[in-house]
Amino acid sequence: MDYARSDRDSSGARLPLALKILIAGGFGAGKTTLVGALSEVRPLQTEEVLTGAGIGTDDLSGVEGKSTTTVAMDFGRITINEDLQVYLFGTPGQDRFWFLWDELAFGALGAVVLADTRRLADCFPSIDYFEQRGIPFVVGVNCFDGSRRFGIESVRQALDIDPDVPMVLCDARDRQSAKLLLISLVEHVARQRGEPVPVA
Amino acid sequence: MRAEPPGAQPEWLDGAAGPVVRPYTLTGGRVRPAVDGFDLVAFVLTRADADPSGRPGLQPEHRRLVELARRPAAVADLAADLDLAVGVVRVLLGDLLARGLVSVHEPPAAGLPDNDILKAVVNGLRAL
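Just so you know, the protein sequences line up as chains A and B, in that order. With the working numbering as the guide, the letters of the first sequence map in order to residues 105 to 304. With the working numbering as the guide, the letters of the second sequence map in order to residues 479 to 606.
No lab work stands behind these hints, which were simulated from the structure alone. All C-beta atoms in this analysis are idealised placements derived from N, C-alpha and C, irrespective of residue type, glycine included. Honestly, I wouldn't trust all of these hints.
[Unchecked claim] A short list of chain A residues far from chain B (calculated; beta carbon distances all over 12 Å):
| no. | residue |
| --- | --- |
| 1 | Thr136 |
| 2 | Arg222 |
| 3 | Glu235 |
| 4 | Pro240 |
| 5 | Phe254 |
| 6 | Gly255 |
| 7 | Ile256 |
| 8 | Arg260 |
| 9 | Ala262 |
| 10 | Asp266 |
| 11 | Asp268 |
| 12 | Leu273 |
| 13 | Gln280 |
| 14 | Arg297 |
[As the list claims (entries may be wrong)] Straight-line Cα separation of at most 20 Å, SDA-like style, residue types lysine to any residue; simulated pairs:
| no. | chain 1 | residue 1 | chain 2 | residue 2 |
| --- | --- | --- | --- | --- |
| 15 | B | Lys597 | A | Arg295 |
| 16 | A | Lys283 | A | Phe210 |
| 17 | A | Lys283 | B | Ala605 |
| 18 | B | Lys597 | A | Ile256 |
| 19 | A | Lys283 | B | Lys597 |
| 20 | B | Lys597 | A | Ile184 |
| 21 | B | Lys597 | A | Arg181 |
| 22 | A | Lys283 | A | Ile256 |
| 23 | A | Lys283 | B | Leu606 |
[What the hints assert, rightly or not] Residues from chain B that keep clear of chain A, each with C-beta distances beyond 10 Å, as calculated:
| no. | residue |
| --- | --- |
| 24 | Asp529 |
| 25 | Pro530 |
| 26 | Ser531 |
| 27 | Gly535 |
| 28 | Gln537 |
| 29 | Pro538 |
| 30 | Glu539 |
| 31 | His540 |
| 32 | Arg541 |
| 33 | Arg542 |
| 34 | Glu545 |
| 35 | Ala558 |
| 36 | Ala563 |
| 37 | Ala576 |
| 38 | Arg604 |
Take the sequences, apply the hints, and build the full model.
Here you go:
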């Protein structure tokens with residue numbers, strides 16, 4: 105298939121298109137597991153300079169006293185075909201890494217928010233984040249062994265989510281289940297745009 | 479202690495520098511690339527005529543990036559391949575870009591991919 109947005113560089117080399125999907129949710133909600141069910145998980149190191157000195161300028165005379173913290177995120181790549189790659193990025197869990205979210209979310213196709221019914225409140229910040237920025241998302245209610253099973257509608261009510269937002273019961277360990285979660289996101293994105301839902 | 483300009487002096491990389499700026503020793507202390515950009519899913523491609531040999535000021539990591547990007551490689555993949563922080567890789571890529579050794583292709587900024595692409599993603603996921 106030839107995509108309108110397939111890019112070629114000046115030498116004629118063909119460049120794939122990469123789509124970004126964020127995998128969010130509270131700590132221990134199964135983000136890494138979900139990425140791993142769909143692709144090889146690779147750690148991505150990011151880091152942030154912690155002190156204010158020198159930030160926002162290119163003058164680096166103030167390196168003394170500057171310290172960095174390394175934040176590890178997980179990511180995975182799904183090759184759809186030679187022209188199309190889907191990158192999954194697990195968002196860092198702690199609030200103090202919100203600055204990384206903005207970069208991850210830039211240009212993202214959408215997000216999967218994993219909810220753990222034992223700690224439902226943990227996914228509130230993720231939901232707020234995507235709602236406020238108008239980034240399409242679906243909620244995957246991860247059913248761990250022994251986790252309390254709630255009806256999907258009671259979870260929706262508890263999360264106070266728009267009725268249009270798909271909620272899917274899932275098992276983040278299971279490839280099939282993880283696939284359906286991503287498919288529901290892509291279909292949701294298409295629907296939001298007012299185009300017909302892609303049919304296989 | 480002062481940061482040296484790009485092309486760091488060896489004595490700068492002593493034990494005393496230690497972990498304070500550890501991730502950025504490779505970049506001579508530079509924490510921002512010369513140009514903005516380098517999205518995590520931007521593709522880097524080494525120019526066909528790129529020959530990093532004999533280029534002064536290039537570190538082994540620069541050369542590895544040039545080799546890895548002989549085929550289009552996303553910034554996130556390059557960082558994972560080199561086991562380096564993304565910020566460090568961005569600075570190194572900025573150096574390569576400035577020397578004309580690589581080209582960088584940012585993802586399309588405007589809007590969502592068209593329906594054909596979404597359809598291909600759904601089909602591709604189903605076929606996984």
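To see whether the hints hold, each was checked on the structure:
1. Thr136: holds, 14 Å
2. Arg222: holds, 28 Å
3. Glu235: holds, 18 Å
4. Pro240: violated, 9 Å
5. Phe254: holds, 27 Å
6. Gly255: holds, 27 Å
7. Ile256: Non-interface label on Ile256 of chain A holds, nearest chain B Cβ at 22 Å vs cutoff 12 Å.
8. Arg260: The assertion about Arg260 of chain A holds, with a minimum of 24 Å to chain B.
9. Ala262: Answer for Ala262 of chain A: holds, closest chain B Cβ roughly 29 Å.
10. Asp266: holds, 19 Å
11. Asp268: holds, 17 Å
12. Leu273: holds, 18 Å
13. Gln280: violated, 9 Å
14. Arg297: Given that some Cβ of chain B is not farther than 12 Å from that of Arg297 of chain A, nearest at about 6 Å, it is violated.
15. B:Lys597 - A:Arg295: OK: Lys597 of chain B and Arg295 of chain A at ~12 Å, within 20 Å.
16. A:Lys283 - A:Phe210: Roughly 23 Å between the alpha carbons, so the hint for Lys283 of chain A and Phe210 of chain A is violated.
17. A:Lys283 - B:Ala605: OK: Lys283 of chain A and Ala605 of chain B at ~9 Å, within 20 Å.
18. B:Lys597 - A:Ile256: violated, 27 Å
19. A:Lys283 - B:Lys597: With Cα atoms ~14 Å apart, Lys283 of chain A and Lys597 of chain B stay inside 20 Å; holds.
20. B:Lys597 - A:Ile184: holds, 11 Å
21. B:Lys597 - A:Arg181: holds, 18 Å
22. A:Lys283 - A:Ile256: Given pair Lys283 of chain A, Ile256 of chain A holds - Cα atoms ~19 Å apart, limit 20 Å.
23. A:Lys283 - B:Leu606: holds, 8 Å
24. Asp529: holds, 15 Å
25. Pro530: With a cut-off of 10 Å, Pro530 of chain B remains clear of chain A, as the shortest Cβ separation is near 17 Å.
26. Ser531: holds, 20 Å
27. Gly535: Nearest chain A Cβ is 17 Å from Gly535 of chain B, so the label holds.
28. Gln537: holds, 17 Å
29. Pro538: holds, 18 Å
30. Glu539: Glu539 of chain B is indeed farther than 10 Å from all Cβ atoms of chain A, at 14 Å.
31. His540: holds, 18 Å
32. Arg541: Given a closest Cβ separation of 20 Å, the condition holds.
33. Arg542: Correct as stated: the minimum Cβ-Cβ distance to chain A is 16 Å, above 10 Å.
34. Glu545: The assertion about Glu545 of chain B holds, with a minimum of 16 Å to chain A.
35. Ala558: The claim is violated: Ala558 of chain B sits with its nearest Cβ about 4 Å from chain A, within 10 Å.
36. Ala563: violated, 4 Å
37. Ala576: holds, 14 Å
38. Arg604: violated, 6 Å
The structure fails to meet hints 4, 13, 14, 16, 18, 35, 36, 38 from the earlier list, while all remaining hints are met.
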